[in-house]
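Take the given structure of chain X and dock chain D to it, following the hints.
Chains as they are written, first to last, in numbering that gives the first Met the number 0: chain X, 0 to 371; chain D, 0 to 371.
Some hints here could point you the wrong way.
Facing chain X, a subset of chain D residues (Cβ under 10 Å, in silico) [stated by the list, open to error]:
1. M18
2. L96
3. T100
4. T124
5. R126
6. G127
7. V132
8. F180
9. R183
10. L186
11. G190
12. K191
13. R238
14. G328
15. A335
Some residues of chain D that are not near chain X, with every Cβ distance over 10 Å (derived) [said to hold, decoys possible]:
16. I158
17. D201
18. T280
19. K355
These are computed hints drawn from the structure, not numbers from a lab.
Don't be surprised by glycine CBs; every beta carbon is placed ideally from N, CA and C.
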Amino acid sequence: MSRFLFYLILINMMTSMVSLTPRILIAGSGSGTVVSLIIALFVGIVMTYILVRLFSHFPGLGLPEILKAYAPKWFAKPILLFFGLAWYTAGLFTLIAYTIIIIRFLTPNMSIYTIVLTFVIVVTYGVFMKARNILYMSEIIFIVVVPLIVFIQLKGYINRDLNWDYVRIALMEINHLPDYGAFTSSLFIVIGTANLVIFNRVFTQLKKPTGKGMALLTFLLAYVLASTYFLPIGFGGYEPLKTTIFPWIMTSDSIRMKFGIIERIVFIFTGAFLALGVVSIVMHWHVSIQLLASVFDFKRFKWKSFNLTFPLLIVMFWVVAMFVIAKISTEGLFRAVEMYDDYFTPTLLVLLVFCLLLARKGAASKWRKSKK
Amino acid sequence: MAEKQKIIKGCIATGLFLMMLLQAGCAFKDIDKRIFVVGIGVDPSEKVKDGFRVTLKLAKPYGNVRQAQTPTYAYLSHDADSVAVAVAEMETRVDKLLDLTHNRIIIINKELLTKDLHTVMDFFTRRGDIQMVCYIAIAGTTSEEAISFEPTIETPASIALYNYFDNTGTESPYIVTTFLFEFRRELLEKGKDTVLPIIDIDEENQEYKVNKSIVFRLDKEPLELTPEETKYFNSLANRASGFSYKFQDKDHSVVLNIYEVRFKYEIILNEGEPRIDIKVTKVGYIGESKHRLDPSKLDKYNKLAAKDTKAEVMDLLTKLQEKNLDPFGFGLRYHATRLSRKGIMEEWERIYPEIKFNVTVNVKLKGTGAVE
Chain X
0 MSRFLFYLIL
10 INMMTSMVSL
20 TPRILIAGSG
30 SGTVVSLIIA
40 LFVGIVMTYI
50 LVRLFSHFPG
60 LGLPEILKAY
70 APKWFAKPIL
80 LFFGLAWYTA
90 GLFTLIAYTI
100 IIIRFLTPNM
110 SIYTIVLTFV
120 IVVTYGVFMK
130 ARNILYMSEI
140 IFIVVVPLIV
150 FIQLKGYINR
160 DLNWDYVRIA
170 LMEINHLPDY
180 GAFTSSLFIV
190 IGTANLVIFN
200 RVFTQLKKPT
210 GKGMALLTFL
220 LAYVLASTYF
230 LPIGFGGYEP
240 LKTTIFPWIM
250 TSDSIRMKFG
260 IIERIVFIFT
270 GAFLALGVVS
280 IVMHWHVSIQ
290 LLASVFDFKR
300 FKWKSFNLTF
310 PLLIVMFWVV
320 AMFVIAKIST
330 EGLFRAVEMY
340 DDYFTPTLLV
350 LLVFCLLLAR
360 KGAASKWRKS
370 KK
Chain D
0 MAEKQKIIKG
10 CIATGLFLMM
20 LLQAGCAFKD
30 IDKRIFVVGI
40 GVDPSEKVKD
50 GFRVTLKLAK
60 PYGNVRQAQT
70 PTYAYLSHDA
80 DSVAVAVAEM
90 ETRVDKLLDL
100 THNRIIIINK
110 ELLTKDLHTV
120 MDFFTRRGDI
130 QMVCYIAIAG
140 TTSEEAISFE
150 PTIETPASIA
160 LYNYFDNTGT
170 ESPYIVTTFL
180 FEFRRELLEK
190 GKDTVLPIID
200 IDEENQEYKV
210 NKSIVFRLDK
220 EPLELTPEET
230 KYFNSLANRA
240 SGFSYKFQDK
250 DHSVVLNIYE
260 VRFKYEIILN
270 EGEPRIDIKV
280 TKVGYIGESK
290 HRLDPSKLDK
300 YNKLAAKDTK
310 AEVMDLLTKL
320 QEKNLDPFGF
330 GLRYHATRLS
340 RKGIMEEWER
350 IYPEIKFNVT
360 VNVKLKGTGA
370 VE
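For reference, chain X alone in the conformation it holds in the complex (with noise of 0.2 Å):
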């Protein structure tokens, strides 16, 4: 398995780790969670190896060429027009949640709208690179900032103020039946994969998933979904952490660095995350953009030869955020990401699911024929 197909899942992963799902999995889903988790980890591995199987059927090809080879018009667009809004919400969330913690953690004095623009271009600037390049960026951050991050988490496990009795009871939970939300907003943590819709363009000779890379991906899901949930609580308490709005945000600020550079760990810790963020943020929107051009290609709207359906899109992007940015509440966000992976999530992996096995049939009749 190609390592950058890694980086896609991880990414993914642990940007939700600090930002939405903490909540979700904690607060919202009452006592259901453990074995939520337990169904989320195994759905995620098997969709992983599906999707990665299907994809590598069409190689170098991402889902608008696939659609537009195998499928009638009248189904390709409406499709391709859903996963490309829904990516671009995907990304939105993680803007709006990394925009609130910044907001509320480190610079409580500065302007809301500051802090979006300093976002949205740098992510602007990704999001117009080739995908290949995104690919190597997120290598290069995920180098950088991934060996903090888990210094930093193996300095949570072994910290003598982490007391397990807090874990153990969580644990305990197991007995309850599994609560759909904690199943759905996990699942969205696992399936970053999903991310190949656009991504396998670059991966041309996508092979098919090997028992080793699918056992360190399953431990790599299992690890980052045990920490997300139980780690908080260790620290938090497993009753008072359902009243805290960002639980990993609280952990980290309890996590103390007696003879680090500096003591309080948590601006290190977030800004780590930032940049995990920005890589996701670049990754979702670039998917998001590459979809909805291929809906919307306007072949007329053009300036010199310059086509501007990229810059009109990137705009509309900007003055969406701007706007749902300014009037949403931290609550209302919630309850949208909580909708989003309860409705959407699952939608959009059986459309996709759905659509490659259709591709593929569509083009072993096509092979067929043209051998004949």
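Then chain D, alone, in the frame of chain X:
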């Protein structure tokens, strides 16, 4: 075309670099426009009914610490009907931004523990910029006095109060350390009660004295532990090591220096009477003796020390049990080792007052020190 792209890229890069100019300073507020709060004390107010008197310890900015001969701190007190209002109103009394992010200690008046604790704590946990690794302590007299007291050994540009609790300066088994996040989780979750250190002022020697503590649960009367009890609690619950574990009989009077403590317990309900099996292991050497000691008789000293420690531990445990307080977290362990169901903590509340303690103490002395 390529030429044009180069120009566009160049423009974007220049724009990004120009943005850096805006980023100078700490979130648009320079350090000389901020004043750092290094200690917060909360008392009940005498002027405002049901209000609070908040005292802030402010670090005065100096260009060069060596110039400072006089104390480098200023103190500010204000009465208002809530902590947030008091802090907000104090902002009109200083010319700079009150920066709470560097505060490391919050001192609370004893009376507030039984009165308005929720209102007090709410401010500190709701504000994202206050560290969760703040120390929480109780004032022996009033918080105002404890915060604004300047011990003779306090050096300029260091804060004596921090050194007591952060285990990088003095390390003593008499000093209990409780962080804000611990306090929050223990206060809001049933099963483990909080222990807070009491900061006294030694009027004769002009120093702080931190050797007592207070055990506390929301709906219960707080229980003050004597220095001896604090030491035994701390040595078990927090594995505090150090000198001054003393034992005495007819011909011996020995002080032990313990460097390792192990504390394990198990709740046993299904073998006869409900009991908690507690196993304590202490490793150390002898620090002081009134008589010459025989190194070959270490076993005998081990037994004597174990007998003495066992009596002390039993006393502490039964005293806490009589008051129905549980700072060791037995209730939490009970909850953590049983599959979750309704009413599990009510069950424990019925069991705890009746439960028997079965303490085994094991002292392992490794030597008699540097002399016999």
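So, going through the hints one by one against the coordinates:
1. M18: Hint on M18 of chain D: holds, closest Cβ of chain X at ~7 Å, below 10 Å.
2. L96: For L96 of chain D, the interface hint holds, since the closest Cβ of chain X sits about 8 Å away, which is under 10 Å.
3. T100: holds (8 Å)
4. T124: Since the shortest Cβ distance to chain X is 8 Å, the answer is holds.
5. R126: Since the shortest Cβ distance to chain X is 9 Å, the answer is holds.
6. G127: holds (4 Å)
7. V132: At 5 Å from the nearest chain X Cβ, V132 of chain D passes the 10 Å test, so the hint holds.
8. F180: F180 of chain D check passes; min Cβ-Cβ to chain X is 4 Å, inside 10 Å.
9. R183: Hint on R183 of chain D: holds, closest Cβ of chain X at ~6 Å, below 10 Å.
10. L186: At 8 Å from the nearest chain X Cβ, L186 of chain D passes the 10 Å test, so the hint holds.
11. G190: holds (8 Å)
12. K191: holds (8 Å)
13. R238: holds (8 Å)
14. G328: Result: holds, 6 Å to nearest chain X Cβ.
15. A335: holds (4 Å)
16. I158: Its Cβ never comes within 10 Å of chain X, the nearest being 13 Å, so this holds.
17. D201: holds (27 Å)
18. T280: holds (17 Å)
19. K355: holds (21 Å)
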